[in-house]
Amino acid sequence: MALVSADTKIGELLNELHQLIKQTQEERSRSEHNLLNIQKTHERMQTENKTSPYYRTKLRGLYTTAKADAEAECSILRRALDKIAEIKSLLEERRIAARMAGVYSDTDPPRKTMRRGVLMTLLQQSAMTLPLWIGKPGESPPPLCGAIPASSDYVAKQGDKVAARVKAVDGDEQWILAEVVSYNHSTNKYEVDDIDEEGKERHTLSRRRIIPLPQWKANPETDPEALFSKDQLVLALYPQTTCFYRALIHTPPHRPQDDYSVLFEDTSYADGYSPPLNVAQRYVVACKENKKK
Amino acid sequence: MLLYWRHRILVNEKMSELKDCPPLKYYDFKPVDHVKVCPRYTAVLSRSEDDGIGIEELDTLQLELETLLSSASRRLRALEEQRQILTDWQDKKGDKRFLKLGKDPDLAASSRHSKPKKQKLDGKGSHGPGPGPGRPKSKNIQTKVQEFEFEVDPQDIPRNPKNDAPNRFWASVEPYCADITNEEIRVLEELLKPPEDEAEYYKIPALGKHYSQRWAQEDLLEEQREGARANDKKKNMVGPLSELDAKDVDALLKKSESQHEPPEDGCPFGPLTQRLLQALVEENIISPMEDSPIPDIPGKEDGAGTSPRSQGKAFSVPHTRSLEARIREELVSQGLLDSDERQGVGGESEDEVLAELQKRQAELKALTAHNRSRKQELLKLAREEMRKQELRQRVRVADNEVMEAFRRIMAARQKKRTPTKKEKDQAWKALKERESILKLLDG
Numbered sequence: 000m001a002l003v004s005a006d007t008k009i010g011e012l013l014n015e016l017h018q019l020i021k022q023t024q025e026e027r028s029r030s031e032h033n034l035l036n037i038q039k040t041h042e043r044m045q046t047e048n049k050t051s052p053y054y055r056t057k058l059r060g061l062y063t064t065a066k067a068d069a070e071a072e073c074s075i076l077r078r079a080l081d082k083i084a085e086i087k088s089l090l091e092e093r094r095i096a097a098r099m100a101g102v103y104s105d106t107d108p109p110r111k112t113m114r115r116g117v118l119m120t121l122l123q124q125s126a127m128t129l130p131l132w133i134g135k136p137g138e139s140p141p142p143l144c145g146a147i148p149a150s151s152d153y154v155a156k157q158g159d160k161v162a163a164r165v166k167a168v169d170g171d172e173q174w175i176l177a178e179v180v181s182y183n184h185s186t187n188k189y190e191v192d193d194i195d196e197e198g199k200e201r202h203t204l205s206r207r208r209i210i211p212l213p214q215w216k217a218n219p220e221t222d223p224e225a226l227f228s229k230d231q232l233v234l235a236l237y238p239q240t241t242c243f244y245r246a247l248i249h250t251p252p253h254r255p256q257d258d259y260s261v262l263f264e265d266t267s268y269a270d271g272y273s274p275p276l277n278v279a280q281r282y283v284v285a286c287k288e289n290k291k292k
Numbered sequence: 000m001l002l003y004w005r006h007r008i009l010v011n012e013k014m015s016e017l018k019d020c021p022p023l024k025y026y027d028f029k030p031v032d033h034v035k036v037c038p039r040y041t042a043v044l045s046r047s048e049d050d051g052i053g054i055e056e057l058d059t060l061q062l063e064l065e066t067l068l069s070s071a072s073r074r075l076r077a078l079e080e081q082r083q084i085l086t087d088w089q090d091k092k093g094d095k096r097f098l099k100l101g102k103d104p105d106l107a108a109s110s111r112h113s114k115p116k117k118q119k120l121d122g123k124g125s126h127g128p129g130p131g132p133g134r135p136k137s138k139n140i141q142t143k144v145q146e147f148e149f150e151v152d153p154q155d156i157p158r159n160p161k162n163d164a165p166n167r168f169w170a171s172v173e174p175y176c177a178d179i180t181n182e183e184i185r186v187l188e189e190l191l192k193p194p195e196d197e198a199e200y201y202k203i204p205a206l207g208k209h210y211s212q213r214w215a216q217e218d219l220l221e222e223q224r225e226g227a228r229a230n231d232k233k234k235n236m237v238g239p240l241s242e243l244d245a246k247d248v249d250a251l252l253k254k255s256e257s258q259h260e261p262p263e264d265g266c267p268f269g270p271l272t273q274r275l276l277q278a279l280v281e282e283n284i285i286s287p288m289e290d291s292p293i294p295d296i297p298g299k300e301d302g303a304g305t306s307p308r309s310q311g312k313a314f315s316v317p318h319t320r321s322l323e324a325r326i327r328e329e330l331v332s333q334g335l336l337d338s339d340e341r342q343g344v345g346g347e348s349e350d351e352v353l354a355e356l357q358k359r360q361a362e363l364k365a366l367t368a369h370n371r372s373r374k375q376e377l378l379k380l381a382r383e384e385m386r387k388q389e390l391r392q393r394v395r396v397a398d399n400e401v402m403e404a405f406r407r408i409m410a411a412r413q414k415k416r417t418p419t420k421k422e423k424d425q426a427w428k429a430l431k432e433r434e435s436i437l438k439l440l441d442g
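Protein chains in written order, with numbering that gives the first Met the number 0: chain E, 0 to 292; chain L, 0 to 442.
One should not assume that every hint holds.
[Said to hold, decoys possible] To be clear about the criterion: a stretch of chain L counts as covered by chain E if any three or more of its residues have a C-beta under 8 Å from a C-beta of chain E, and this derived list gives those stretches:
no., segment
1, 58 to 67
2, 402 to 408
[To be verified] Here's a subset of chain E near chain L, in silico, CB distances under 7 Å, partners left out:
no., residue
3, Glu72
4, Ile133
5, Asn218
Keep in mind the hints are simulated off the structure, nothing from the lab. Ideal placement from N, C-alpha and C gives every residue a C-beta, glycine not left out.
Go ahead and model the full structure; you've got the sequences and the hints to work with.
Structure below.
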């Protein structure tokens, strides 16, 4: 059925990915030679401590070739990453379709019986595999990359993770991690599911109560402006929970794989803030609301 | 003060650094060592088609690919930046440095962030050699650099090709403007000497024996010799016969000629007479001559019949000669014949050659005369010019003397004393001398 065809498609895609990876390595080994040349020229130039026009032109030529090589390498890598994203989205679709159809595969236990540990692992994995935004030279990070907010007319798609402000049974308002089920254009309301489905029902919330989570990680090395900076007020997912709380950024990540280090507002501590805790980029969003208790 | 100097030294160092080489950062462009950093990627690479990739590996692969891409992307940016620096440096020295100041903040920002990139990604990205702390300093210093630039530039700017044109021009014109030397006058005089072989050109060589006669003689000689040789073989008498050869031959020839003496076809009349007759006689080749109507030519002929052979008498030669002369006179008076026309002894063929020869000789004479006159004129002018040159030389000497006198007087005036009589005299003398020479020159 749909599942089977999805499988074959996935199989195909995996093959293509394999090809791309092999191509990547070919490209990289090819360009390595040129990089070595550049290295050698650099060394020579540095030992002689002067740059004759010969060296300059030579270097320029080498740079240009290396640039072309790097561009080719980048494009293949991007294609490979796109392929992975494609596969993943297909998997995601499959999961959703399976859930809808009520068929559960072995590797994906029904949510209802998911243990906390498993959920946390899933969340962590989801955070880790958030695609890293690597822009081409001159490209600026798009909305929903790191700290860049979504455009005002953005509508979250089915399956997107969001931070949703829900009213708990006891009247408390909490930001929870939720997954979008659908969006009703006429009423402008989202239907979301708590990611931790333990007993929580589907919520219907207006757009104001929904903050879409980032879809890309920002690369600290290339796009530092897409990161939250120190002492910025954010909503961050408290580790080992599925709820967002207000926090101040302690340190932004240094490397793409790093997490934010944040200080949660916590009245149980002397200075009102918790010690620095790590939260992945995926689970840190801008905080718009005023403090209210 | 010391600070100022130290600052200056620092500035100078920076300046020299910047002067000598473009502010390249010599990034370390080593590629990612994927074996170490991306194990899953490496593993996948080594797998064959069949094994393929498992779904569970996607995540790690994704991370690793992202790493690679990120480093490649950074490399790309660094390369571009460096290349731009090189281009800018090469193209414009002065102006672009202003622009580079604007670029600096960007570079500073990006490099500051590039510093933190650490161990996992290390060895593949850019290591700016101390870019962080070094940056702000260089930014400040670059403002100062501009002032010094203009000193620096003349060394760097490739030397303008020296303007060579005037030198080349004067070099080419030199032969025409140079002074005349004695050498050249001598050459002219040489040229004027009449060539020795000139006389030869004007000689009209004697005609010499006509070739028919010569050949006849030679042939006869040849035959005689052969005969003598044949005889020799029989009788062995070489001596006397050989002596006789030359004379014999001549005698033989003369005899044969005398036999031929009666003019060809027995016509003693001069050529003009013949021509006249020919014009008057209608020749009819087919019918025999007796039948054709022969007009009676009145008066002029003295027993000269049309068929002299039939008569068999010897003709009176004087009459034919006078006849010829009278016909000629008549024709000339009628204007039918040019009086100048002179028939050569040998016949018409040689007249042309002679005429041509004479024409050429005349031409040669005229040309030679013309050349000689020009050369003489040139010689005269050259001598004149030499004289003038000498005078000009003397003028130059006089000029120098005048200048010298002037300097002495000026020096004297500077020293605030009036020039001595001696100096004044010298000055006047020099001036007068110069004037006289100039007058000579003009005159």
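Outcome, coverage hint (the segment 402 to 408 of chain L, chain E; C-beta under 8 Å; three residues): violated (count 0)
Interface hint compliance - Ile133(E) to chain L, C-beta minimum distance less than 7 Å: Nearest chain L Cβ about 5 Å off; hint holds.
Given coverage of the segment 58 to 67 of chain L by chain E, tested with a Cβ cutoff of 8 Å and a minimum of 3 residues: Answer holds; 8 residues pass the 8 Å Cβ test.
Given hint Asn218(E) near chain L, where the shortest CB pair must fall under 7 Å: holds, 6 Å
Proposed interface contact between Glu72(E) and chain L, which counts if any beta carbon pair is under 7 Å: holds, 5 Å
Of the numbered hints given earlier, the model fails hint 2 alone.
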